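Kindly generate the complete structure, drawing on both the sequences and the hints.
Residues per chain are reported as follows:
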Amino acid sequence: MKSLESMTATPKSTSRQMEFVTVTVANQLLGLPISRVHDVFVVSEMTTVPLAQGEIAGLLNLRGRVVTAVSLRRRLGLNDTAGAERRMAVGLENQGEAYGLLVDEVGEVLKLDPDEMQPNPVHMDRGWVGLSQGVHQLREKLLIVLDVDAVLAFETTREAA
Amino acid sequence: MDDLLLEFLTETNEHLETVDVEMVRFEQDPNNEAILSNIFRLVHTIKGTCGFLGLPRLEALAHAAETLMGKFRDGMPVTTPAVSLILTTLDRIKEILGELERQGTEPEGSDADLIELLEKMASQEALTPEPAPQSAPAPSSGQPVSQVFERELKPGEVSLDELERAFQEAPGPEKAAASGTLTYQVLERALKPGEVSLDELERAFREAPGPAPLVIEKAAANLPKNDAVPAPAPSAKKNAEASDSGEGGDGIAGKVQTIRVNVDTLEHLMTMVSELVLTRNQLLEIARRSSEDHGYKVPLQRLSQVTAELQDGVMKTRMQPIGNAWQKLPRVVRDLSNELSKKIELVMQGADTELDRQVLEVIKDPLTHMVRNSADHGIETPSDRKASGKPEKGTIRLNAYHEGGSITIEISDDGKGLNFAAIRKKAAERGIASDAEVEKMSDAQVAKFIFHPGFSTAAKVTSVSGRGVGMDVVKTNIELIGGTVDIRSEQGRGTTFTIKIPLTLAIVAALIVSSKDQRFAIPQVAVSELVRVSPTSEHSIERINGTPILRLRDRLLPIVPLSKVMGLSANEDANNGFVVVTQVAHQRFGILVDGVFHTEEIVVKPMSSKLRHIQLFSGNTILGDGAVVLIIDPNGLARMVGTEASSNEFQSDAGQEQAIVAADEMTSLLVFRGGGESLKAVPLSLVTRLEEIEASTIEWSSGRPVVQYRGRLMPLVSCDEELAIKRQGMQSLLVFSDGEVSMGLAVAEIVDIVEDKLDVELLAERSDLVGSAVVRGRTTEIVNVAHYLPMVLETWSRKDRRDSVDKSLLLVDSSTFFRDMLVPVLKASGYRVQTASTAQEAVRLLSGGLHIDVVVTDLELSGHSGFALVASLRADPQHSTTPVIGMTVRPDPQQIALARKLRISEVVSKIDRRGLLSALAELNASFEEAA
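The listed protein sequences correspond, in order, to chains A and Z. FYI, in numbering that gives the first Met the number 0 the residues of the first sequence are 0 to 160. FYI, in numbering that gives the first Met the number 0 the residues of the second sequence are 0 to 930.
Quick caveat, the hints were computed from the structure, so don't treat them as lab data. Please note that the accuracy of each hint is not assured.
The following label-pair restraints were derived from C-beta to C-beta distances [claimed, not checked]: (1) Arg-288(Z) / Gln-117(A): 48 to 54 angstroms; (2) Gln-117(A) / Ser-608(Z): 29 to 35 angstroms; (3) Lys-439(Z) / Ala-97(A): 43 to 49 angstroms; (4) Arg-531(Z) / Ala-97(A): 38 to 44 angstroms; (5) Thr-87(Z) / Ala-97(A): 47 to 53 angstroms; (6) Arg-356(Z) / Gln-117(A): 50 to 56 angstroms; (7) Pro-120(A) / Ala-307(Z): 52 to 58 angstroms; (8) Gly-294(Z) / Arg-62(A): 29 to 35 angstroms; (9) Asp-263(Z) / Ala-97(A): 16 to 22 angstroms; (10) Ala-508(Z) / Asp-124(A): 48 to 54 angstroms; (11) Ala-25(A) / Ala-307(Z): 39 to 45 angstroms; (12) Gln-117(A) / Ala-427(Z): 54 to 60 angstroms; (13) Ala-25(A) / Ala-435(Z): 56 to 62 angstroms.
Only a predicted model underlies this, so the values are computations on that prediction, with no experimental measurement involved. By construction, the Cβ of each residue, glycine as well, lies at the ideal position given by its N, Cα and C atoms.
If you want it as structure tokens, here you go:
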């Protein structure tokens, strides 16, 4: 969190700014368009779904609504964290269904100018390229802009054996 | 638009729907005063309210219709044209209402045409030329009755009626001064229906002398004034009994008051309650952690309980009886039968089956469409029906029920059925499938073509249907909510559509179980019993080649460990826990779980689209404690347990009528080895138990091997000639029992229990085998257990199969053993087999409209003679010519003579399998000749 705080003091005063909710997964800073984020919440109890695809961490009860929890770590091909003390999730909506994207940490909201977004580096992991819309250079870190639809569009056809 | 008008529109639309239904009932039963009074009253209410709101067109129409109905009440004969005219008037009223709703004002236009017709109709045979409003409320003994009825049917609205009526009857019709007061009262009522109406009523009837007692009676439910009206009440009851429906009678005190609530309000309430539950859980958690009681634990307990009840209550508000979606149908059918000159009866069963409101909305239109289709395409004209030996009046049957965790709605007609040839032709013409493909398809597959967009085989387009739009929309709509539509049709016999809606959104009772510390819900409907198992208790899990099974009341039950299916545990040796005995269609299996908690009413939420492919779960739910729990789909589990390849077949079977044993149903087979190399198998359901005995305990009495088994002598027989019964070591036995009698079949080795589609290729020459089948990719001989029985027992017998195609056969035999044994044999000869264990059951099945080509019955049924069954069949015109084959242990001349008298085609010995088969073959030959 510390790094985030120091870094967020870089708002650029440009006209067409977009706001991003920043999250961290495995020390990588990622941004989600604020228009797609419904809420941010702490995950308490989660029901795992046997036979489900790996990306799905389980089901959550978010104020009476059943929310499908998707692990951003696993979606990005990373391993689960060992210590899952306080799991944070970003509430998203896709095609009328509610999802919770599990992340390591949720940071602040950043205002960024879309014109300054750089394309993905050519040698970026192919699994990541599909989920990233581009990269913003912040003073201390790089922020990957996540494509929410792509993040939630993972395989469903795999038949559970 | 003001609230008053909105309220009026909603109420009037509802009234009109009731009038539609009642009108149709009334036409069929013109002497039922109760129905007439009810209709009269509803129309009268509409008329009155229109007057207050200044809607002259509506008022004039309602007035004219009311006048005509007044004539009915005065004894004018009820004719179809008259009823049609009134229904047309109602339609006009609905049109105007529709406009009113859109524009806020009554549309321009004239209804002189209809009014003239109505007046003309009314003036024929007019007994009293005076206008109806006066004649209608004319004090008569029938009046109190009608009011009472009205109130039962539409409790909410009554006060309005009453008020209106009271005013109508009070002084003058042009009482302008009063209308102001009235409007106010109506408004007040809309806001506070419960409390206010009483005051208003009281006031109203204080002003109006005449109908006061009636109003009091109505209020009697709330006010202890019953004694004030001794006279009207009994007369009301009497009339209620007189009306054949009877629904009026028990409604008097039984109906609950209802109010209208915005759906959004309910949804919001639902969310709030869920929040409340969560908060309560947190409080409970805090209370558990702190050891001191600050005096809040008792109130907290109470809060917890109230919360649970609240949640329960809110969930129930979502449910509505399916009858609500059926309301329009009697009118639809009535109009169609007039239009098409057909005689159609609509039978509705299970109208009180509850459905989620949203689901109800979605299926409403498809249902109406399908009923229209049945009436138009299905039911033939009376002359055609007569010509094909059917009663002139066709029947469309709607049936709804909960089954296996889903709601099933059947729409069936006894009409001409689908014209498969025409559909095949059309499908090829339209290029949906090639000629060759179409020819190869089964009728069931061909039937599915009607769900293709734009598919119609109707020779001419009628105003009702035949335009080729509809069935695809029906299918789409139903699939939208995760349902399925199946179609079954038999030429000349009718068509049945079966809609299955998964329990999505519905409230179901579920058993909460646990497996590896995770909780799951199993729909209660699928659960037949619970058995506690442990290695030391009476019930313990045994294994055959690693496959767990449980002996349960002399039957072997396949066991599915939940943790294994879920992949929660690789350890397959779980022996402790509970077995949830589950019945899905004809499959019975046990689900092994670690713990069982309680049953809970759950609201099923659909699975996320990302998880819908996991067929093991039908949805998820939030339990009372806020935890998300997955709901196990017993059908899906059964499918997963079966082999992969046949999963599709099984799925489609589930849509078939439950009672018909589908030809490619999964069968559990016990695979074993005899003397030779080849594998042999018997249906597991036939095997009572598996034993391994010390060969030294086998005794030989007069050269035949017997063993002492459970205090009796059990004869043994070797499964084939190459296998000698062991003289030493351990001998494996399959034990078959029927009641008190048992037999041991000696086998070399028990190999496995498998589940597979039993597709038997017949072997004519070997009586010890039913035939051979490919089981798990290996050719396996299916053993005919019946072959061995006569070798050891006189009283046991059996019968056979032959080459007939697609005939349905009813097998009536009180012995489960024989039924189980014969079913595969008969199926192998191409019959669709239906079984009944008693004559009563058989009669019930047959009278339930089940189509049967041949009946095979034991003539010595326990409790009820098989002859009596046949006699009752012969008395039923539908089955008077159905061929019957009788079975008996030892045919004697007396029985044969009796059999001839009852036109039983053949009497065969129970032991004579060949005899039965040749009798069936002969019958078949005669079928073909007749065709």
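Here is how each hint holds up against the structure:
With their beta carbons about 51 angstroms apart, Arg-288(Z) and Gln-117(A) fall inside the hinted range of 48 to 54 angstroms. Look at Gln-117(A) against Ser-608(Z): about 34 angstroms separates their beta carbons, and that is inside 29 to 35 angstroms. The hinted window of 43 to 49 angstroms between Lys-439(Z) and Ala-97(A) holds, with their beta carbons roughly 46 angstroms apart. Between Arg-531(Z) and Ala-97(A) the beta carbon distance is about 39 angstroms. The supplied range of 38 to 44 angstroms therefore holds.
Distance hint check: the CB atoms of Thr-87(Z) and Ala-97(A) are about 49 angstroms apart, consistent with the given range 47 to 53 angstroms. A hinted range of 50 to 56 angstroms holds for the C-beta pair Arg-356(Z) and Gln-117(A), which are about 51 angstroms apart. Our hint of 52 to 58 angstroms for Pro-120(A) and Ala-307(Z) holds, since their Cβ atoms are close to 56 angstroms apart. For Gly-294(Z) and Arg-62(A), the hinted distance range of 29 to 35 angstroms is satisfied, since their beta carbons lie about 30 angstroms from each other.
The hinted window of 16 to 22 angstroms between Asp-263(Z) and Ala-97(A) holds, with their beta carbons roughly 19 angstroms apart. Between Ala-508(Z) and Asp-124(A) the C-beta distance comes to about 49 angstroms, which sits within the given range of 48 to 54 angstroms. Between Ala-25(A) and Ala-307(Z), the C-beta spacing of about 42 angstroms keeps the proposed range 39 to 45 angstroms intact. Separated by about 59 angstroms at the C-beta atoms, Gln-117(A) and Ala-427(Z) satisfy the suggested range of 54 to 60 angstroms.
A hinted range of 56 to 62 angstroms for the beta carbons of Ala-25(A) and Ala-435(Z) is consistent with their spacing of about 58 angstroms.
In summary, this structure violates none of the numbered hints.
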